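Assemble chain G onto chain Z, guided by the hints.
Chains as they are written, first to last, in the working numbering: chain Z, 1 to 488; chain G, 1 to 488.
Please note that the accuracy of each hint is not assured.
You can't tell identical chains apart in this list, so a pair holds if it fits in one copy or across any two.
Below 27 Å or equal to it, Euclidean Cα-Cα: the simulated BS3-like pairs (lysine-lysine) are [said to hold, decoys possible]:
(1) K13 <-> K131
(2) K87 <-> K104
(3) K67 <-> K345
(4) K131 <-> K345
(5) K131 <-> K32
(6) K32 <-> K67
No lab work stands behind these hints: they were computed from the structure.
Predicted model, so just to flag it, every value in this text is computed and none were measured.
Number of protein chains: 2
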Amino acid sequence: MKQETEEQQDFVKEVTKMSDDFDRWYTDVVRKAEMADWSGVRGMMVVRPYGWAMWEAIMRAFDDMIKESGHENWAFPLLIPREYLMKEAEHVEGFAPEVAWVTKAGGGMEELEEPLAVRPTSETIIGAIIKRYIQSHRDLPKLTNQWNSVVRWEMRSRLFLRSREFWWQEGHTFHASGQEAMDEAQLILGYYRSIAEDWLAVPVLVGKKSPAETFPGAVHTLTLEGLMRDGLALQMGTSHYFGQNFARAYDISFSNRENERELCYSTSWGISTRLVGALVMAHGDDSGLIVPPRIAPTQVIVVPIFRDDEGRAKVERFISSWAGELKAAGIRHRVDWRDERPGDKYAHWELKGVPIRLNVGARDADAGNVEMVDRLTRERVSIPVAGIGQRLTKALDAFQRELFDRAQKFQRDNTYELGTLDEVVAHFRERGGFVWAGWCGDAEEEAKIKADAGGVTVRVIDEATEAAGKCLVCSKPAKFRVALAKAY
Amino acid sequence: MKQETEEQQDFVKEVTKMSDDFDRWYTDVVRKAEMADWSGVRGMMVVRPYGWAMWEAIMRAFDDMIKESGHENWAFPLLIPREYLMKEAEHVEGFAPEVAWVTKAGGGMEELEEPLAVRPTSETIIGAIIKRYIQSHRDLPKLTNQWNSVVRWEMRSRLFLRSREFWWQEGHTFHASGQEAMDEAQLILGYYRSIAEDWLAVPVLVGKKSPAETFPGAVHTLTLEGLMRDGLALQMGTSHYFGQNFARAYDISFSNRENERELCYSTSWGISTRLVGALVMAHGDDSGLIVPPRIAPTQVIVVPIFRDDEGRAKVERFISSWAGELKAAGIRHRVDWRDERPGDKYAHWELKGVPIRLNVGARDADAGNVEMVDRLTRERVSIPVAGIGQRLTKALDAFQRELFDRAQKFQRDNTYELGTLDEVVAHFRERGGFVWAGWCGDAEEEAKIKADAGGVTVRVIDEATEAAGKCLVCSKPAKFRVALAKAY
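Excised from the complex, chain Z in its bound form (with noise of 0.2 Å):
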């Protein structure tokens, strides 16, 4: 099993090569750079500093977003009474499967009277919360959102992708019309692109899930999604639209402004430290990470290099001398004086995915410049110290652009429109991307796609476009247009 290997791997001492195994790279990067390992605790990852603070980086740029936009962050209890959960029916059969119980507590470890989930997701303990508050159209819209962790008792485990815990934020809105929940559906869907496209540099399709792989309880799912540098979709986030299901089954109702009760509207909406993961995959190389500036833990490392004491002493006075200039710009740096050889140190940095590099020795400190060498086309360059925190300020605005552009660049390379399904089979027999196909919508064809192209399943309905031609199983005239991929 998957999980086994994976986590019973011993400690990495090289990174396998991506083009030799994609999945082993993966893993050995994110062990190797510190980010994540799995924790002992079967399925349940740690996450390590450097991978934490990627995380932080990302929650504190869409926090400022939401509360921009009056949403407001609450906590709500992380234990769960069994019957809440019962309560819709289909997000019962979705969640059960996953939830981990709480049956005992205290010194005897007492039976409860009642099992407590461990929530697996919050719609409704939040739902049962929430209608206190709610009594007129004055209080809507109510607006939530919390940060927490999550468990969900999966079987295949992957370190940010697939593990017991995970942690994300779940924004969950009650509204006095169905119109006002859609476009608040939208509008985080938006903010979710510009976390993946403008922070984490990560180009996606967004658009609709289709009915097979819509969220359990929910009217429709919108989803944003990015691709892999193994070819294969990864999911980026989906925001929920749930019409009156929730409220219906939690009697979530408002008087409206003709003072009649109506039940809410209501949506969900969530993010997750598998964008971490993302992040890795769609940038990294044989080399390890390539982390983008505004998510980099560290955004400038400076390497010094010197032969005695002497020399040491000079290079440390000259990164003084500028090390404030750095600071004051906002970037994020570190000097590193660890005892090791600057070749070592370089491969370090290199697979830690640091954006920009900086090597400081004695002539450079002589001539007052120091080396510049960018992760992503690793040429080396001298640059002069003065006016060093606005030139390292826009290398980073423009390393941000350009990794940004390569992925996009990578993703329409990799992205077809194809007109058949034995077109669609022959196609992801030999590659992956996205397949952009008419489908006529009909729920059997979809399954059918999947069993036939090895588990390619309906990526993204695009809204965007009116879908022409035929479908590509059918060959009715298509509904949808949409993005057909292998996924994670």
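Leaving out everything else, chain G in the frame of chain Z:
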């Protein structure tokens, strides 16, 4: 039972007067000010945005402090195998009675091979994990922290102070020498003192706990204790030095400079959402909360006053003309356009403890003035809007200082020096506060103080002052100068 009454209270109509019933006043204020409520899941609370925003301010402040000194955030698993928990004997004894256990998982609710504890604190799991990352003295210190929630199966409940789930940070650090670890515990105590005094405006006594009050498994525990307005002390944070106790139980060792294996020295430390309860009880009055500006989700509330649409338009234009200045000055402010009478709005924001209120009517608009009212003095002063950003920044700083000075005066007015147990018993029959006294250090005598004086405990051992005089119980020479109090 307290928990039942508190959790079963209905919607709060009017806030009980503090002087009538402090306990009831507290829960009324916390609920009516929209900070938190009982969740419906027994013993577990829901923290609402107004309360959570205060915790976010505390988190941000403390996170900045610890990062500045090289601490790093990690995410360790929520669920802890029973065998991990059982390794440190004192620790197990301390926590086992409060643990909630996950025993089943998945669709059929299959029994797990080994029960998993929902973390009550993370010493054990961190001990089991961190040792992989520690080989040599060069890997030390390891300065870890995590922000999360913990579950402890408490039988009594009080919003923010005692609940089955609470939110906190837990720091866990590992060092190459005992002195360094002790210094770390002191460093953090200093940060906590700054959070309490500089941010929450609550003066604290700091020092060591007596052995009876020391954390299970610790060599010593440092603490800070604030005084609430009912005269009871509240423990506002603790910082523990473990010596090699945990390292021994979890086999966390390193090769020292002499190339010999040595067990690590460790610490742990935490502050929690309890601090939000502290600021309520340390500053509030009959009208509700008084929130220190540095923590306040809303620092300045603007209440527009108008009779008709024309008046409203005029006031709105006027406010828009200077609201940007508040934003530029970084002042967290809101304009209350709700459809309520001004008097009701005043009471609403007084209850919520917003430091400064600006009343703005049409005549103010003509004169270029606003009426400023602060929550402490409640005096109304007319101030010009020219330079309003700077003026309010100053007023908020002054408010923060005054709030601290007021709390410090209250603490001093309620601190006593007494010589004998009889005096102490008599004192606490009549009033609360801190009582300084000499103590010989005998544990049985400590128990006698608690029994005779109705639950009074040794809150802090003053380490800065040498003990003089006699032990309050046995009259032998005092070894310690201690502060006694009834506490939450």
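Quiz item: Which numbered hints are broken by the structure, listed smallest first?
Solution: none
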